[in-house]
Each structure stands twice: as structure tokens, then as C-alpha cells.
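Asks: Residue numbers (the working numbering), protein chains in the order written: chain A, 333 to 612; chain B, -7 to 300.
Keep in mind the hints are simulated off the structure, nothing from the lab.
Model, not experiment: these values are computed from the prediction.
One or more hints might be untrue.
[Stated by the list, open to error] In silico DSS-like cross-links for lysine-lysine, where the CA-CA straight-line distance does not exceed 25 Å:
hint	chain 1	residue 1	chain 2	residue 2
1	B	83	A	393
2	B	83	A	472
3	A	437	B	83
4	A	472	B	28
5	A	472	B	32
[Unchecked claim] A short list of chain B residues far from chain A (calculated; beta carbon distances all over 12 Å):
hint	residue
6	9
7	198
8	259
The C-beta atom is built at its ideal place from N, Cα and C for all residues, glycine as well.
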Amino acid sequence: MPSLIEEKLTPAGVAAFAKHLRLTALRMVHEARSAHIGGSFSMAELLAALYGGILRVDPAKPAWSDRDRFILSKGHACAAFYAALAERGFFPKEWLETFYRDGGKLAGHATHTGVPGVEFSTGSLGHGLSVATGMALAGKRDGAPWRVFALLSDGECDEGSTWEPALFAPQHRLDNLIAIVDYNKIQSLGHTKDVIDLDPFADKWEAFGWAVREIDGHDPEQVIEALSAVPFEPGRPSCVIAHTVKGKGVSFMEDDLLWHYRNPSVEEYAAAVKELEAKP
Amino acid sequence: MRTAFLKTLEELAAEDGRINFLTGDLGFTVVEPFVKRFPKQFLNVGVAEQNMTGLASGMALTGKVVFTYSIANFPTLRCLEQIRNDACYHKANVKVVSVGGGLAYGALGSSHQATEDLAVMRALPGMTVVAPGDPVETAHATRAVAAHDGPCYLRLGKAGEPVVHDGPIDFRLGRALTVREGSDLTVISIGGMLKPCADAVAALAQEGIKVRLLSMHTLKPFDAEAVLKAVAETGGILTVEEHSAVGGLGSATAEVLARSGLRTHFRSVSLPDGFCREIGSHEHLRRFNGLTAHDIAKAVRDMCRRAN
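Could you put the whole structure together from the sequences, leaning on the hints where they help?
Replies: The structure is reproduced here in C-alpha cells:
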């Protein structure tokens, strides 16, 4: 298979990379008998754009000091993340086969131990934005050129600890910080509007002092455009609210809470692969 | 101790640009000199300890050495998971500092009494836990935790603690300091109980009871060697801490003794496993809980009597 990493990001390229991430994550989750495929699918285009070219990273030098930092705060959806890192060349693709396995290389939540490219381990919700903010603050203090991206779930916006850095970052004019929320509207036990309604969501971030853009998180063009335009305003942190669909890409998984947990059976796996492969 | 800490931190900040000092909106009239000298190495993050700890971890992972500062349980229990996941798991150079360890904030009540902090911090993988005994130890401890690669917890008293060490000390993390030699029994102190212990040991000397006094300023890593040496050479151990009976110095010592298989006399003076519901000053609460020099001396006499 030719490389999915383009010289220059194109919508078609992001779509192709996202498709690859979905298929890879699906296979990983299916074979490992693990979960969280819905949240992997909802952020596939976001990850594809980030690792397809937005992030200034060098897989040959994962600790390069001027790299952009990326934190997957929704660490449970790590299958697609690991797939992106492997495709980018941070570690051998064979490692993906060890996901969630006894003695494997890749844990069931984003884990940095022994895994090049994972900047920060997550899994407990509401941690990522503070840490990203601390990195951004340190970068500002050092006059560093790099940026910090944190990809959050909507569910973790229930956590008070998400809103503490949300208050802090605008105060300190951290325009090198970008929060992306994968707003797929489903959390662990129900739809966000039924559990803790986040809307008006953009208004909240805006009121806290962030420069906010709302996009269709599955439209490669919009994703590329937004992530290429950061900071949206000098002196303000940027927030991208990506409206997405949990389980996006497989009709019977879309917007269904079940796929936060369920591991696809052999039949379901085959049907899902067929659907995904039929897409451009 | 607070004064010694801040003075030393200023020296460190002048020597090392990586040093950053974050406070959770506390330190009125005491942090100002630092702020004035090193505005770019200081930040008041607001009343948000979870964020403070996450920020500190993020900053540390870019190469900085970050002190987080607050009082009592706020920089520890309030943000425990951030300390565990963000700092400890990532081996980040985050130095958590709590002022007002034990009952130092006395009449402010249970919310401001840090009486389980040592146990909780000690349970965290990779955490170094330090509770200096006087201002002299505090200055050394501050330098030591800054130089140590990895997360540390520094439990301080408040201000105005008496100096116990009248000469230079050889302070090393994980090594108990021998404050006084003795052969009849060993008293092991942690944190601000050092002064009452020193007073008790001095009073006992007048009676002809020669007690060794160790300042166990580092609870983790624990100086098991000093404990076993004390057993061999003095025949018994009394631990003293202004902390719950669960999980602190007494527990750590008991673990060493039990594993050693040695037969010895062991007792601990500590707070009970409970909330202190009595109201009063630090001194009053120490008296109320049996944490005075008088109580310590009494326990030693009792142990010596039984041994004979």
C-alpha cells in the first residue's frame, strides 16, 4: 500500500487516511475483543488531518524538542490513534497486532510507556487539557515555536477539571494551544443532551475567552481548513468544536451508544469492513 | 519552615532557570519576594489545584522543574489523581509542597489539617516523600527535592518552628539523620515532631535514660537500614508523627520490623485513625492528642521499664 501521508494535505487524502484508520482500528478492536470503536470512528478525520500533515512531528525523532505536542485526552479511543502513529512510522505496524493483548506493546488507553509518539498517557477523563495547557505555558515562557493540540471527548467536558484550564488558558493568552472537541453527542451512559447537556457548547468556550470554530468533523475540507488556521485569533487559545457522529462510517454503529462498548462479532465485523471499504 | 523553603527556592530559582513556582492562590505576604525577583518563574494559577498539578506536569514534561504550593490537603488530596497519573506515571519533575502539615492550622478545623497526606503520598509509585524536622532540614530538603529527578512531596510545617540542629547536617534523601546518640532506646521522628522529640530525649538524659534520636525526614524511600541498626544497637523503637496511625512513619517502621523477623520493642505515638474534632491551637491539639515532649518521654520510660 502506498503511503497515506501526503506532501500536502488534501481532502481526498484525509478521507483516505481516515478510512484506513477506521479499518485498522476496527480490526484491532475486533481481534483484541476490546471496545470504544464508536469514539475511534468519530475522530477519524480529525486524526487523519493532524497526523496527515497538520502536526509538525518527526517520527524518526519523536523527542525532537520543537515538535508540536498532541495529547489524546479521550484516551479510551486510542485504537485509531495508535493506527495513525503506526502509519506515520512512529513504531512498526506489527505492534498494532499486540493491542490490548497479554504482554502487548499497546494498552487499552493511550499509554506512552515504550510507545514513541504518545506524548502523554491518558485514560482518566479531564486530565489532558490541563497538561496541554501546562506545555503551552512552558512553550510561551521559552518563546518556543511549537503548538499543543489536545483532542477531547464531549463526555469529559462534564469534568470540572476540563473547565479549570479552559478558564486559565485565555487568561494567559495561550494562542499556541488548540483544544479540539470530538462532539459526537454520546457519552458513556447516554446522549450528552440527556446526561449533562453541553449546549450551547460553543458559547461556553467563547464566554471563557477561547476563539471558537464549529465544523463538521467528518468533512475533510472543513477539518483541514480549521486546523490550518490556528490560532484563530492572536492572543487567544483556539477551540475547534467538531460536530461528529459516534460510530461514523458504519451504518449500524452510527449514533448508537452500544458501540461505545460492543465488540463486533465476526458477522458484524465483516459487514462493517464491507461498508467501510465501499467508501471512497 | 515556610520561610526556609521560600528563601531556598529563591536561591534555586536564581541558579536554575528551569525552576518554576506555582501557587494555588495562597501565600499572602510570603510569596511576594519570590514574585518580585522571578516574575517569569512564578505563577498564581488560581484556586484550582487539579489544574495546577496538570499544568505543572505539562511544564515539567517540557523540561522544567515545577513546584506546586498550597496548604494542608489542597495540593495533595484535592488533586490526587493528577499527582498519580500526570506527575508520577510520567516521572515528571513536579514537586508538591504543602504548608501546614499535621495539625499546624489547628483551629481552622479538619479541612485544614493534613493528617493522612504522608500515607497517601507514600502509596504513590515513584513518589519521594519528605517531611523535614526543622528549618535547617527544610532548606536542605528543598534543594534535595529540586535536584531529584522525579516527583516529590515536601510536607512543611508553618512558620516559626524552632531550629533543632545546631550544627551542619549531612542531609541526604532516604537517609535518617542521627540527632542524638543513645543506647537504651531509639525515638524516630518525622516532620515537625522533631522538636518535642528532642526535648523529650534531653529530659530523659537528665534521668539517665540514653535515647537515640533519629530524624526520618524522608518517608519514601525509607531508611530501613537505620531502623534495623537501631534495633540491633538500642533494643527498641518509638516512632513519633503528627499524622494518622494509618500508613505513615509508624506503619513504615512496623513493615520493616515485621519483615526483618527481629524481636524488639516497638511503639508509635501518632494521631488516631480519625478526625480531630477538638477545637484549638496547634499546641492545644498536640496536647489533646498526646503529642507533647511530656507524652513522648512518658512512652519511652514505659518502654524502658517493660524491657527491664
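Asks: Which earlier hints can't be squared with this structure?
Replies: Number 6 - this is the single hint that the structure violates.
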